[in-house]
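Chains as they are written, first to last, in our numbering: chain A, 1 to 435; chain B, 1 to 293.
Please keep in mind that the hints were generated in silico from the structure rather than gathered at the bench.
The hints are all genuine.
Below, computed lysine-lysine pairings styled on DSBU-like, alpha-carbon distance capped at 30 Å: (1) A:Lys41 <-> A:Lys61; (2) A:Lys170 <-> A:Lys241; (3) A:Lys241 <-> B:Lys65; (4) A:Lys411 <-> B:Lys65; (5) A:Lys179 <-> A:Lys241.
Since we're looking at a predicted model, the values are computed, not measured.
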Amino acid sequence: MKKNLLGALAVTTALSPVAAMAQTEVQFWHAFTGRLGELVKAQVEEFNASQDEFVVVESHKGNYSETLNAGIAAFRAGEQPHILMVFEVGTATMMSAEGAIKPVYEVMAESGASFDPDAYIGAVKGYYTTTEGDMLSLPFNSSTPVLWVNRDAMEAAGVDPDTDLSTWEKVGEVLDQLKAGGEECPLVTAWQSWIHLENLSAYHDVPFASQDNGFAGLDTELMLNGPVQVAHLTAMGDWAKDGKFIYTGRRNEGGANFRAGECALFTESSAGYAGISSEAEFAFDVRPLPYWEAVVSEPQNTIIGGASLWVMEGHKADEYKGVGEFLSFLSSSDVQAAWHQNTGYLPITAEAGEATRAAGFYDENPGTDIAVIQMTAKEPTANSKGLRLGSFDQIRGIIDEELEAVWSGEKTAQEAMDSAKERGDALLRRFESAN
Amino acid sequence: MEKRVTFRGWLLPLALIAPQVIISAVFFFYPAGQAVWQSLFIPDPFGLSSQFVGLGNFEFLLSDKFYRASFVTTAIFSTLVTLCSMIPALFLAVIADRLIKGAGVYRTLLIWPYAVAPAVAGVLWLFMFNTRVGVVSWYLGQLGYDWNHVLNGTEAMGLVVVASAWGRISYNFLFFFAALQSVPRSVIEAAAIDGAHFWRRFFTIVLPLLSPTAFFLLVVNVVYAFFETFGVIHTITGGGPQQSTTILVYKVFSDGFVGQDLGSSSAQSVILLVVVGLLTVIQFKYVEKRVHY
Numbered sequence: 001m002k003k004n005l006l007g008a009l010a011v012t013t014a015l016s017p018v019a020a021m022a023q024t025e026v027q028f029w030h031a032f033t034g035r036l037g038e039l040v041k042a043q044v045e046e047f048n049a050s051q052d053e054f055v056v057v058e059s060h061k062g063n064y065s066e067t068l069n070a071g072i073a074a075f076r077a078g079e080q081p082h083i084l085m086v087f088e089v090g091t092a093t094m095m096s097a098e099g100a101i102k103p104v105y106e107v108m109a110e111s112g113a114s115f116d117p118d119a120y121i122g123a124v125k126g127y128y129t130t131t132e133g134d135m136l137s138l139p140f141n142s143s144t145p146v147l148w149v150n151r152d153a154m155e156a157a158g159v160d161p162d163t164d165l166s167t168w169e170k171v172g173e174v175l176d177q178l179k180a181g182g183e184e185c186p187l188v189t190a191w192q193s194w195i196h197l198e199n200l201s202a203y204h205d206v207p208f209a210s211q212d213n214g215f216a217g218l219d220t221e222l223m224l225n226g227p228v229q230v231a232h233l234t235a236m237g238d239w240a241k242d243g244k245f246i247y248t249g250r251r252n253e254g255g256a257n258f259r260a261g262e263c264a265l266f267t268e269s270s271a272g273y274a275g276i277s278s279e280a281e282f283a284f285d286v287r288p289l290p291y292w293e294a295v296v297s298e299p300q301n302t303i304i305g306g307a308s309l310w311v312m313e314g315h316k317a318d319e320y321k322g323v324g325e326f327l328s329f330l331s332s333s334d335v336q337a338a339w340h341q342n343t344g345y346l347p348i349t350a351e352a353g354e355a356t357r358a359a360g361f362y363d364e365n366p367g368t369d370i371a372v373i374q375m376t377a378k379e380p381t382a383n384s385k386g387l388r389l390g391s392f393d394q395i396r397g398i399i400d401e402e403l404e405a406v407w408s409g410e411k412t413a414q415e416a417m418d419s420a421k422e423r424g425d426a427l428l429r430r431f432e433s434a435n
Numbered sequence: 001m002e003k004r005v006t007f008r009g010w011l012l013p014l015a016l017i018a019p020q021v022i023i024s025a026v027f028f029f030y031p032a033g034q035a036v037w038q039s040l041f042i043p044d045p046f047g048l049s050s051q052f053v054g055l056g057n058f059e060f061l062l063s064d065k066f067y068r069a070s071f072v073t074t075a076i077f078s079t080l081v082t083l084c085s086m087i088p089a090l091f092l093a094v095i096a097d098r099l100i101k102g103a104g105v106y107r108t109l110l111i112w113p114y115a116v117a118p119a120v121a122g123v124l125w126l127f128m129f130n131t132r133v134g135v136v137s138w139y140l141g142q143l144g145y146d147w148n149h150v151l152n153g154t155e156a157m158g159l160v161v162v163a164s165a166w167g168r169i170s171y172n173f174l175f176f177f178a179a180l181q182s183v184p185r186s187v188i189e190a191a192a193i194d195g196a197h198f199w200r201r202f203f204t205i206v207l208p209l210l211s212p213t214a215f216f217l218l219v220v221n222v223v224y225a226f227f228e229t230f231g232v233i234h235t236i237t238g239g240g241p242q243q244s245t246t247i248l249v250y251k252v253f254s255d256g257f258v259g260q261d262l263g264s265s266s267a268q269s270v271i272l273l274v275v276v277g278l279l280t281v282i283q284f285k286y287v288e289k290r291v292h293y
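Produce the complete structure using the sequences and hints provided.
As structure tokens, this is what we get:
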């Protein structure tokens with residue numbers, strides 16, 4: 001066994017320099033395992049087979065945080081990959097790392113690969129472009145929160161599964177009915193800060209942070225303790241107290257409960273589609289994320305979560321040409337449409353969305369286009385373009401802690417959000433002085 | 001009388017201690033020095049620029065009431081982990097020592113948990129106590145107790161303590177068991193003939209003779225609870241709910257490797273180093289006086 005392993009190692013080490021001599025190698029570090037990992041591998045293989053000048057080598061480097069760390073450590077050691085996958089909360093960190101990153105618009109211009117920044121969906125692109133409109137990283141996997149409904153659970157509790165759930169006011173009434181009908185887990189959520197604060201703010205067109213949510217400068221302050229956010233969290237806190245909203249954890253723990261059929265309503269990313277459709281043994285459907293009718297007559301757009309691809313500084317020009325070709329390949333309509341249909345992630349170009357519709361995918365899989373519509377129905381405003389905050393991973397941690405105090409009834413929503421603002425602002429000031 | 005080996009010349013003794021000195025220098029003094037140096041800066045994650053702030057990182061930390069609160073959390077956590085890993089270990093060792101048949105099997109089984117890495121142990125306990133699918137929380141639910149460590153800080157603390165102490169019991173058991181073997185049988189038999197019952201013999205003879213081992217384990221376990229438990233915390237609670245299980249070392253990890261704030265993370269590890277250093281000094285100064293070698 002050991003001998004085999006050593007033999008295999010010897011073979012791979014012996015073979016790889018040969019490949020490198022023949023073709024220019026492009027290193028691509030990503031954070032995907034399982035089904036998503038296979039799909040990434042397939043994309044890379046397809047690209048490698050499509051031409052013989054470059055060869056892209058993909059490696060999995062752990063989860064999002066670990067991949068970012070691996071990229072940072074590698075850069076410090078002078079061993080950085082050409083392409084690094086970074087999740088959306090790491091965007092400000094990467095943007096500020098001038099000298100470590102090579103903006104995508106520059107790479108594309110220099111490589112001469114086909115690249116049309118206007119082809120990308122505004123709400124997706126906006127997250128990763130400067131206020132001047134220059135694209136810094138290529139959006140790769142983007143999703144947005146939607147409302148998942150367990151139709152069987154609704155019926156079991158005596159609620160019409162087709163009932164209108166477009167507003168939180170109506171959801172509140174349905175939660176009452178579900179509770180009265182004996183449902184033990186009427187509502188559950190994943191990614192509470194992302195859905196119930198960041199997206200809530202964008203969806204109601206109120207700021208989450210000053211300076212256009214951080215897009216306009218590093219001297220930004222959190223504004224998540226405004227009346228809209230506090231009213232929403234107060235309602236959620238009341239639901240939690242009455243056992244109508246069940247808190248399961250800071251990440252997507254609630255997904256297991258929903259997929260097992262234990263919960264009626266679930267706010268989760270549109271990319272939950274792959275897991276829910278394969279595991280759920282009940283009838284489900286997808287609805288747009290609800291909004292507060294009392295605040296807006298119709299909602300703005302939601303914002304994205306997911307990751308983008310950053311090109312690292314410090315490589316040779318012909319290697320960047322390969323990077324450009326690969327990124328151009330990834331943005332092509334066919335690749336994007338397949339990615340969108342397989343994963344539930346949003347198509348990053350409008351054309352890929354249209355190709356999917358033309359192929360009849362949305363008719364066969366109703367609800368899969370809701371995320372796209374929700375993102376693209378309106379032109380994004382300064383409040384709904386996205387978030388660009390330093391130390392954002394830590395700030396989310398602070399928000400999680402404060403939200404837990406609301407769910408357990410120890411703090412009012414106002415107290416918790418005031419405290420989150422104070423603590424988060426301290427980190428933003430630190431980030432400002434470090435960059 | 002002390003036994004002492006004398007060497008002629010310096011070369012051989014130097015060569016003999018060199019491996020230990022080199023290992024300490026490479027794996028301890030150098031990184032510790034780096035941490036002290038980095039704690040004076042706010043660097044950007046990529047190491048492209050770095051701003052000297054003097055003691056600014058320490059000021060920032062100590063003025064943060066959540067950071068100060070995590071000292072209390074750490075004190076509670078390490079005390080509980082140390083107690084929960086040493087007392088059951090001693091009890092098991094005493095019982096196993098009395099066994100005549102099958103002692104080897106028990107010993108082997110008791111040592112197994114030590115082979116489980118902290119993060120894996122964390123996941124195992126998390127599965128048992130998961131609020132929805134956990135076996136233990138299901139039984140507790142049957143008994144009418146609503147287990148929810150996701151929102152209840154006390155339950156979360158209890159869970160991480162048990163998960164951290166569990167594997168450690170094996171380690172402590174090994175040492176206690178070995179120490180028990182070296183307690184002279186003749187002394188115990190003499191006491192037995194004098195009419196001292198088992199627990200009396202245990203408290204007046206065995207326990208004092210075990211005190212060097214117990215002291216060693218106390219120091220080692222405190223160090224373990226301070227430094228090596230972040231894997232358990234990371235997998236089970238992530239420091240929550242709120243900050244009820246955010247111990248100092250977990251904050252070092254999350255600020256440094258999740259938040260990319262290496263300046264603050266370095267400053268925290270320096271503070272942690274000082275705290276554990278002081279604790280060890282206190283242990284050697286006061287607790288060791290009560291130890292009979």
